[in-house]
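Number of protein chains: 2
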Amino acid sequence: MRKNLGAKPLVYPQPVLIIASYDENGTPDAMNAAWGGICGPAHISMALGERHKTVKNILARGAFTISMGDVEHLAACDYVGIVSANDVPDKLDRAGFHTTKSGFVDAPVIEELPMALECKLISYDEASSCLVGEIVNVCADEKVLNSEGKIDLSRLRPITFDPMNAAYHIVGEKVGNAFQDGAALK
Amino acid sequence: MRKNLGAKPLVYPQPVLIIASYDENGTPDAMNAAWGGICGPAHISMALGERHKTVKNILARGAFTISMGDVEHLAACDYVGIVSANDVPDKLDRAGFHTTKSGFVDAPVIEELPMALECKLISYDEASSCLVGEIVNVCADEKVLNSEGKIDLSRLRPITFDPMNAAYHIVGEKVGNAFQDGAALK
Numbered sequence: 002m003r004k005n006l007g008a009k010p011l012v013y014p015q016p017v018l019i020i021a022s023y024d025e026n027g028t029p030d031a032m033n034a035a036w037g038g039i040c041g042p043a044h045i046s047m048a049l050g051e052r053h054k055t056v057k058n059i060l061a062r063g064a065f066t067i068s069m070g071d072v073e074h075l076a077a078c079d080y081v082g083i084v085s086a087n088d089v090p091d092k093l094d095r096a097g098f099h100t101t102k103s104g105f106v107d108a109p110v111i112e113e114l115p116m117a118l119e120c121k122l123i124s125y126d127e128a129s130s131c132l133v134g135e136i137v138n139v140c141a142d143e144k145v146l147n148s149e150g151k152i153d154l155s156r157l158r159p160i161t162f163d164p165m166n167a168a169y170h171i172v173g174e175k176v177g178n179a180f181q182d183g184a185a186l187k
Numbered sequence: 002m003r004k005n006l007g008a009k010p011l012v013y014p015q016p017v018l019i020i021a022s023y024d025e026n027g028t029p030d031a032m033n034a035a036w037g038g039i040c041g042p043a044h045i046s047m048a049l050g051e052r053h054k055t056v057k058n059i060l061a062r063g064a065f066t067i068s069m070g071d072v073e074h075l076a077a078c079d080y081v082g083i084v085s086a087n088d089v090p091d092k093l094d095r096a097g098f099h100t101t102k103s104g105f106v107d108a109p110v111i112e113e114l115p116m117a118l119e120c121k122l123i124s125y126d127e128a129s130s131c132l133v134g135e136i137v138n139v140c141a142d143e144k145v146l147n148s149e150g151k152i153d154l155s156r157l158r159p160i161t162f163d164p165m166n167a168a169y170h171i172v173g174e175k176v177g178n179a180f181q182d183g184a185a186l187k
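Respectively, the protein sequence lines represent chains A and B. Per the working numbering, the very first residue in the first sequence carries number 2; after that it's consecutive. Per the working numbering, the very first residue in the second sequence carries number 2; after that it's consecutive.
Note that these hints are calculated values from the structure, not bench results. Don't take each hint at face value.
The list makes no distinction among identical chains, and a pair is therefore deemed to hold if it is satisfied within one copy or across any two copies.
[Stated by the list, open to error] Taking lysine to any residue and the SDA-like style, the derived pairs with C-alpha atoms no more than 20 angstroms apart in a straight line are:
| # | residue 1 | residue 2 |
| --- | --- | --- |
| 1 | K9 | K121 |
| 2 | K54 | A128 |
| 3 | K175 | D91 |
| 4 | K4 | N147 |
The structure displayed is predicted, hence computed values, not measured ones.
Next comes chain A alone, as it looks inside the complex (with noise of 0.2 angstroms):
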């Protein structure tokens, strides 16, 4: 029997995506979301209240990065979704993130966060709080990278959010092939 839980903001599996990006004086920050996507061929859409340092400055700059969130990083990940930049201004060096500039967009890559999309400002919508990103390139140290260069995910180790539950669980096994699997029921 089904329950109806109501009109709830869920799909599974909610990736976590760490945002950064330069305030006006080039200090980066970043932060931590689950409500976003890719909307197009090379864009990402996020939903991001105004009130967020970040959203303040991908205006002011009109770029930012997003790295995903992994295993190995989970507790600073976690922190910099916790904590706003507004209150703690060195939050990134708190979490024990360091940063380089992106060789594409006027924004910081976080340099322990092993996959990043670096991304220019297409629109932001304050009613709806929908940013919209197009990515102009994908970033990933190759030690999460397999012997085709393709990023390998029991390397990459990305984490998911449950919403419901307050967790983070880790993307597992692989269980079947794409554009395959289905075939047999042509």
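Given the structure of chain A, go ahead and fit chain B onto it with the hints provided.
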């Protein structure tokens, strides 16, 4: 050392969204989409090209549902992503999926998939292929709920799509507590 992978729509993890709709005759259809995510407090956005029968259906009916792809129905979820209802009108039957009409919106709920978002169409932008819906209800089979009535990922067993390697992975074990594990860094 970091490598540049180019402008690619990569987020880890990405969901496996099974979007169900009625056509003009009331025949249910479904497709598989990985490009999507939460974009507001009760909103979801997806990139869906207008050639999809699903898009025609949603624009005509103003509604759709999104079920989470799961391990148990992996082949059927893959199948609805590789065959178009433009070519195979009875694709849902072939997938082994049965539907009942949502009690909230004019769209079918796939009975076999244990969790679904019931959505009203908010907007569709042809230029960007971005479709936005409002989630008016989430329904879930009680077999995937824990004793608190919350979705239990070990029962739902959702899958995630790895676009670089054309693979599906299961969501794995819990590895942390959100809003807690980062507090140690305060």
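Of the hints stated earlier, which fail here? 3
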